[in-house]
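Visitor: Okay, here's what each chain looks like letter by letter:
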Amino acid sequence: AQSVTQLDSQVPVFEEAPVELRCNYSSSVSVYLFWYVQYPNQGLQLLLKYLSGSTLVESINGFEAEFNKSQTSFHLRKPSVHISDTAEYFCAVSSGGSEKLVFGKGTKLTVNP
Amino acid sequence: GAVVSQHPSWVICKSGTSVKIECRSLDFQATTMFWYRQFPKQSLMLMATSNEGSKATYEQGVEKDKFLINHASLTLSTLTVTSAHPEDSSFYICSAVLVYEQYFGPGTRLTVT
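Just so you know, the protein sequences line up as chains R and Z, in that order. Position 15, counted from 1, in the first sequence is what this note's numbering calls 15; the numbers after and before it change by one each time, with no gaps. Position 97, counted from 1, in the second sequence is what this note's numbering calls 1097; the numbers after and before it change by one each time, with no gaps.
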């Protein structure tokens, strides 16, 4: 069965510092990869996704993630974070043509002034 | 586009009663919707897959007689928690599928007293 590992449960950083949130998934023939962000007491918002094509995907608010098939990773990065980026981030994967998502346990990003 | 709503956003009910949560896709039709449960500071746990016009498919360990799912139309799925107990208190999130992607509702906070 597919599994997703987010190695860091909490990541504290200072404002304007770079950040990387790590995500690894178990190997599969074909995968779709997603990063979602969740603010307190809210649902999930899609941050970015990899379906096919370019392995580097970007969001409108400066985040990017790179699909690395050999390392089965999809790490999320941002070169300079803002206070407003403080939230919980979930990595998710679907595979084998299934619409079901398997979620990682989440990484709480806290941006401090 | 691709907006999903949930109603109510929060509900408090007494132990032994039933409560219904609605999930609607506002601007698209969805033959498949998913229901998740999220405990505090934890990831999303898939409860069931809701398919329009057919019975829901429940994940292992989820009581189908306790969590009744009805997907009566292409824009509405409902989750009814029957004979609620305090341990059913949780954050329930639905999603609707559009072109292989899931779009999430804002969630419903259920508290059983």
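Worth flagging that the hints you see were computed from the coordinates, not collected in a lab. Hints may be right or wrong, so weigh each one.
[Stated by the list, open to error] Reference listing, derived: stretches of chain R covered by chain Z, where coverage requires no fewer than 3 residues with Cβ under 8 Å from a Cβ of chain Z:
hint, stretch
1, 10 to 23
2, 66 to 80
[What the hints assert, rightly or not] Label pairs and their computed distance ranges (CB to CB):
hint, chain 1, residue 1, chain 2, residue 2, range
3, R, D8, Z, A1002, 40 to 48 Å
4, R, S98, Z, N1070, 42 to 50 Å
5, R, P18, Z, K1055, 44 to 52 Å
6, Z, D1065, R, I60, 24 to 32 Å
7, R, S80, Z, C1013, 24 to 32 Å
8, R, S80, Z, G1016, 50 to 58 Å
9, Z, P1040, R, P18, 45 to 53 Å
10, Z, G1016, R, S98, 32 to 40 Å
Idealized CB from N, CA, C, for every residue including glycine.
Visitor: Hint by hint, say whether it matches the structure.
Guide: Okay, the hints, checked on the actual structure:
1. 10 to 23: Contact hint for the stretch 10 to 23 of chain R vs chain Z: violated, 0 residues under 8 Å.
2. 66 to 80: It is violated, with 0 qualifying residues against the three required.
3. R:D8 x Z:A1002: 40 to 48 Å: Cβ of D8 (chain R) to Cβ of A1002 (chain Z): about 30 Å, so the range 40 to 48 Å is violated.
4. R:S98 x Z:N1070: 42 to 50 Å: violated (23 Å)
5. R:P18 x Z:K1055: 44 to 52 Å: holds (48 Å)
6. Z:D1065 x R:I60: 24 to 32 Å: For D1065 (chain Z) and I60 (chain R) the Cβ distance comes to about 44 Å; the hint is violated.
7. R:S80 x Z:C1013: 24 to 32 Å: violated (45 Å)
8. R:S80 x Z:G1016: 50 to 58 Å: 52 Å Cβ-Cβ, so the 50 to 58 Å window holds.
9. Z:P1040 x R:P18: 45 to 53 Å: Hint violated: Cβ distance 29 Å, outside 45 to 53 Å.
10. Z:G1016 x R:S98: 32 to 40 Å: holds (37 Å)
Violated hints for the displayed structure, listed by number in ascending order: 1, 2, 3, 4, 6, 7 and 9.
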